[in-house]
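S.K.: Single-letter residue listing:
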Amino acid sequence: MSTNLSFAQLNRVLLGLKAKDPELKRFIRHSCDLSRSFKHSELLSVDLEMTGLDPKKNEVISMGWVPIINGEIILAEARQLLISPEQGVGDSATIHGIHDRDLANALSLEQGLEQLLAAMKGRVLVAHHGALDISFLQQAAQKLYGHKLPFELIDTLLIEAKRLSRQGEHFDKQLLRLYACCHRYGLPNASAHNALADALATAQLLLAQVAAISGGQTITLREIMKYSH
Amino acid sequence: MTEDIEITEIKDYLSQIVPFDSLSPETLSRAAKGIRISYFSSASGHVEIDYDNPQLYIVRTGAFEVRDKQGELLDRLGEGDFFGFPSLLTGENVNNKVTILEDGLVYLIDLELFKQLRNDSREFDRFFNRAHAKRMKRFEQQVGSSAPINITIESLLTEGVVSLSPDDKIVDAAQLMSEQRISSLIILEHGQLAGIVTDRDLRSRVLAVGLDGQTLIRDVMTENPSSIDCKGLLFEASMMMSTHNIHHLPVLRDNEVVGMLTTTDIVRSQNNQPIFLIGEINRQQTLEGLVSLSKRFPALLQSLIASDARAEEIGRILTLLSDSLTRQLLKLGEEQFGTPPFPYSWIVFGSQGRMDQTAGSDQDNAMILSQTPTPEQDAYFKLLSEFVCHGLDACGYIYCPGEIMAQTDKWRVDLKTWQGYFKKWVDTPSPEALLNTSIFFDMRLLSGSEELFELLQTFVLKKTRGNQIFIASMAGVALSSRPPLGFFGKFVLDRDGEENKALDLKHRGVALINDIARVYALAEGISEVNTQARLDKLLGKAILSEKDVKNLKDALEFIGHMRLKNQGKQAARGKKPSNYLKPGDISRLLRHQLKDAFEAVHSAQNGLQLKFTRGLF
Numbered sequence: 001m002s003t004n005l006s007f008a009q010l011n012r013v014l015l016g017l018k019a020k021d022p023e024l025k026r027f028i029r030h031s032c033d034l035s036r037s038f039k040h041s042e043l044l045s046v047d048l049e050m051t052g053l054d055p056k057k058n059e060v061i062s063m064g065w066v067p068i069i070n071g072e073i074i075l076a077e078a079r080q081l082l083i084s085p086e087q088g089v090g091d092s093a094t095i096h097g098i099h100d101r102d103l104a105n106a107l108s109l110e111q112g113l114e115q116l117l118a119a120m121k122g123r124v125l126v127a128h129h130g131a132l133d134i135s136f137l138q139q140a141a142q143k144l145y146g147h148k149l150p151f152e153l154i155d156t157l158l159i160e161a162k163r164l165s166r167q168g169e170h171f172d173k174q175l176l177r178l179y180a181c182c183h184r185y186g187l188p189n190a191s192a193h194n195a196l197a198d199a200l201a202t203a204q205l206l207l208a209q210v211a212a213i214s215g216g217q218t219i220t221l222r223e224i225m226k227y228s229h
Numbered sequence: 001m002t003e004d005i006e007i008t009e010i011k012d013y014l015s016q017i018v019p020f021d022s023l024s025p026e027t028l029s030r031a032a033k034g035i036r037i038s039y040f041s042s043a044s045g046h047v048e049i050d051y052d053n054p055q056l057y058i059v060r061t062g063a064f065e066v067r068d069k070q071g072e073l074l075d076r077l078g079e080g081d082f083f084g085f086p087s088l089l090t091g092e093n094v095n096n097k098v099t100i101l102e103d104g105l106v107y108l109i110d111l112e113l114f115k116q117l118r119n120d121s122r123e124f125d126r127f128f129n130r131a132h133a134k135r136m137k138r139f140e141q142q143v144g145s146s147a148p149i150n151i152t153i154e155s156l157l158t159e160g161v162v163s164l165s166p167d168d169k170i171v172d173a174a175q176l177m178s179e180q181r182i183s184s185l186i187i188l189e190h191g192q193l194a195g196i197v198t199d200r201d202l203r204s205r206v207l208a209v210g211l212d213g214q215t216l217i218r219d220v221m222t223e224n225p226s227s228i229d230c231k232g233l234l235f236e237a238s239m240m241m242s243t244h245n246i247h248h249l250p251v252l253r254d255n256e257v258v259g260m261l262t263t264t265d266i267v268r269s270q271n272n273q274p275i276f277l278i279g280e281i282n283r284q285q286t287l288e289g290l291v292s293l294s295k296r297f298p299a300l301l302q303s304l305i306a307s308d309a310r311a312e313e314i315g316r317i318l319t320l321l322s323d324s325l326t327r328q329l330l331k332l333g334e335e336q337f338g339t340p341p342f343p344y345s346w347i348v349f350g351s352q353g354r355m356d357q358t359a360g361s362d363q364d365n366a367m368i369l370s371q372t373p374t375p376e377q378d379a380y381f382k383l384l385s386e387f388v389c390h391g392l393d394a395c396g397y398i399y400c401p402g403e404i405m406a407q408t409d410k411w412r413v414d415l416k417t418w419q420g421y422f423k424k425w426v427d428t429p430s431p432e433a434l435l436n437t438s439i440f441f442d443m444r445l446l447s448g449s450e451e452l453f454e455l456l457q458t459f460v461l462k463k464t465r466g467n468q469i470f471i472a473s474m475a476g477v478a479l480s481s482r483p484p485l486g487f488f489g490k491f492v493l494d495r496d497g498e499e500n501k502a503l504d505l506k507h508r509g510v511a512l513i514n515d516i517a518r519v520y521a522l523a524e525g526i527s528e529v530n531t532q533a534r535l536d537k538l539l540g541k542a543i544l545s546e547k548d549v550k551n552l553k554d555a556l557e558f559i560g561h562m563r564l565k566n567q568g569k570q571a572a573r574g575k576k577p578s579n580y581l582k583p584g585d586i587s588r589l590l591r592h593q594l595k596d597a598f599e600a601v602h603s604a605q606n607g608l609q610l611k612f613t614r615g616l617f
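Sequence order for the protein chains is L and U.
The opening position of the first sequence corresponds to residue 1 in my numbering, with each subsequent residue numbered one higher.
The opening position of the second sequence corresponds to residue 1 in my numbering, with each subsequent residue numbered one higher.
Treat the hints as calculated values from the structure; they're not laboratory data.
For each residue, glycine too, the CB sits at the ideal point set by N, CA and C.
Take these hints with a grain of salt, some might be off.
Restricting the straight-line Cα-Cα distance to at most 30 Å, the calculated cross-link-like pairs of lysine-lysine (DSS-like) are [stated by the list, open to error]:
#1 U:LYS582 / L:LYS39
#2 L:LYS18 / L:LYS56
#3 U:LYS295 / L:LYS39
#4 U:LYS595 / U:LYS576
#5 U:LYS97 / L:LYS121
#6 U:LYS595 / L:LYS39
Sample of chain L residues facing chain U (criterion: CB under 8 Å; computed from the structure) [as the list claims (entries may be wrong)]:
#7 GLY16
#8 ILE74
#9 ILE134
#10 ALA161
#11 GLY168
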């Protein structure tokens, strides 16, 4: 344990000062203890569906998540939300299958983000190619709250890239797709482009990766994160 | 919107596996939502089971193995299989060990949810009760009994309802029961089961308390008696009867009474059991009687295979039957031809010697005479041995194609001649000659003089123990055939009799393990001849590592089990049982395990080659 504040902790303190909404303050101040072992910690596997890949132009249209608590995926707490985009779904419906007509009961981005942050409080975020999801979340936070949010991320894509490159193989980027990664560990097929199904597939992938990295030994969140950078 | 989120992938998966397919759509959703998912890595060895918090484990990917406290294999599990249910059903710590063979994803269901699912579907409930019964049965078999656990009540019940109404009089009940010669009556009201009356009720609830025959049945019957569905297991019925201390159980189909199951029915169902058959064999006074009893052996074998008995156990039971037949034939022969002029030993070789007979085993036997016989004395023994060998042949144990039978003059000789035979085999061995004589080294006394047999056995073991040239030759025999694995772990297929490509589970499987165990046993002077027993005796000896011994034991049981299962299927299809298995007929998991078993044989052969043959062959 370090007596000095880490950059991440300092960031949380500063952001906590900026935040006005008390719930948001609580989310920001509730940091994750990265020295805990994976088997005794809480994570949240998240996947977002968007109308495109550019956070400045495109919008979040669906959020799916499922927690991993003490090494187990808890389906009872799995959620999927539809978010009503300001500009309509447009052509992206061909990818995620969500059409404007499906969005009658959808939440606003603010309501959706509020629920997601409540589920993520004190938990490490798990995502496959998480940089993209985080850029959309930060864009939303900037717009709604006027500042960014602190996230601790474990990225299953980066873990896989490191594992493959350590095996000394030159590999095709295609091998890092969520579907291909799940297949490599003999995990059930992920149905692509449904936020909750992908969040679940990501969570299962992380379980398999952690088993492979740790070789059955205790491993802390920080050690896992080292693999995901 | 957030409330009715379903993980369709999980729900779809559950809906495809037995017994979850029997759940209502609502309960299935509840099950899918209540699941927790865990991942087990083979690097951590085994699954840590928390008995304070029992779970149902559903294997989604990977492979697992369940062993009991003694390390006996109870079950091998792959996708769609379950473990953990015994604790859920009994509430007790079961102390089985679940080893992780291959990394895998496992779905967990806790006690509360499991209870809800059992309540929702009778089918679901029964599935796990049966799975538990099956495990229990394996346990029982290990301790020596073999109850017919998966017989359904339906298959046994004589349907037919003898009934009266609650408003009939007791005297009518008594009359009806004595007319029909039955011990109980079903009491129906508006076509529904209202109660039962038994002869014991007539005694204790009517006569003993001074009521007369005019009393209404309603006043003395057992109301709302326990009952059981006809699809239930005999095992469940017998559990129910012993728990409630009752002897009569009304049987229902679609909630209508179709008959009455009694403890007598259950006792009668045991009659095809080995113990019963052996008792019958010992009572037969004629060859015809024995032949007709032997016709029931195939059905017994089928039921043992169907109930998933261990291969080792089945081999032992079949051998006990042929042992009893042989002893009874000897007894009948001696009664017919008179007392033998001097003591002799009747010995058996090969599969009967090892106690691992299967369907269609031939006979391999011989006699050791305690004296050199005069021509008249030998005529007696010839007559006796011909009687026994002929009897065995008539009972389905065909004459040995190699003439290794007591009726062959060469194999009906005195101790000194026997010692001479073995001396020659051991002192001047050649792999070619040993191929035909190796079965003599799996010998067991079946009847007659123990002393004679022990003299011969001690003589043989003294000659073989540490005899490098002989052991090397025997090792050469054991290496003359290889398990059916090629490069990259692919199966190598042989042609079976019908020109199909298949795996020969005998000659390239169990026989190889028998050969390997024999070499080590003779090298170490171990007197056991059963292969599992030989391997047990080798545990702790420096010559073979504990791991190798255990792998060989498991491989023998597994390949033997596959062979029996396959023969059971063949017999059910009306085909002659063979040793050939088509790999396409079994699941991926089983193929994988079969490869592992053959690997173990292969590696044991390599060990044998290194240790004994020093590159001689």
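S.K.: Hint check: LYS295 (chain U) vs LYS39 (chain L), CA-CA at most 30 Å. Holds or violated?
M.R.: violated, 60 Å
S.K.: Taking 30 Å as the top limit, are the C-alpha atoms of LYS595 (chain U) and LYS576 (chain U) close enough?
M.R.: With Cα atoms ~26 Å apart, LYS595 (chain U) and LYS576 (chain U) stay inside 30 Å; holds.
S.K.: If you take the shortest Cβ to Cβ gap from GLY168 (chain L) to chain U, is it below 8 Å?
M.R.: violated, 21 Å
S.K.: Checking hints one by one. Is ALA161 (chain L) an interface residue toward chain U, by the C-beta closer than 8 Å rule?
M.R.: violated, 20 Å
S.K.: Was the hint right that ILE134 (chain L) lines chain U, CB cutoff 8 Å?
M.R.: violated, 22 Å
S.K.: Between the alpha carbons of LYS595 (chain U) and LYS39 (chain L), is the straight-line distance 30 Å or under?
M.R.: violated, 34 Å
S.K.: Go through the hint on ILE74 (chain L) and say holds or violated, using the shortest Cβ distance to chain U against 8 Å.
M.R.: holds, 6 Å
S.K.: Straight-line Cα separation of LYS18 (chain L) and LYS56 (chain L) no greater than 30 Å?
M.R.: It holds: about 23 Å lies between the C-alpha atoms, which stays within 30 Å.
S.K.: Keeping to a limit of 30 Å between CA atoms, is the pair of LYS97 (chain U) and LYS121 (chain L) held or broken?
M.R.: violated, 38 Å
S.K.: Grab the minimum C-beta distance from GLY16 (chain L) to chain U and call the hint holds if it beats 8 Å, violated otherwise.
M.R.: violated, 28 Å
S.K.: Given the hint that LYS582 (chain U) pairs with LYS39 (chain L), does the C-alpha gap stay at or below 30 Å?
M.R.: Judged against 30 Å, a Cα distance of about 44 Å means the pair is violated.
Hints 1, 3, 5, 6, 7, 9, 10, 11, counting from the list given before, are not met by this structure.
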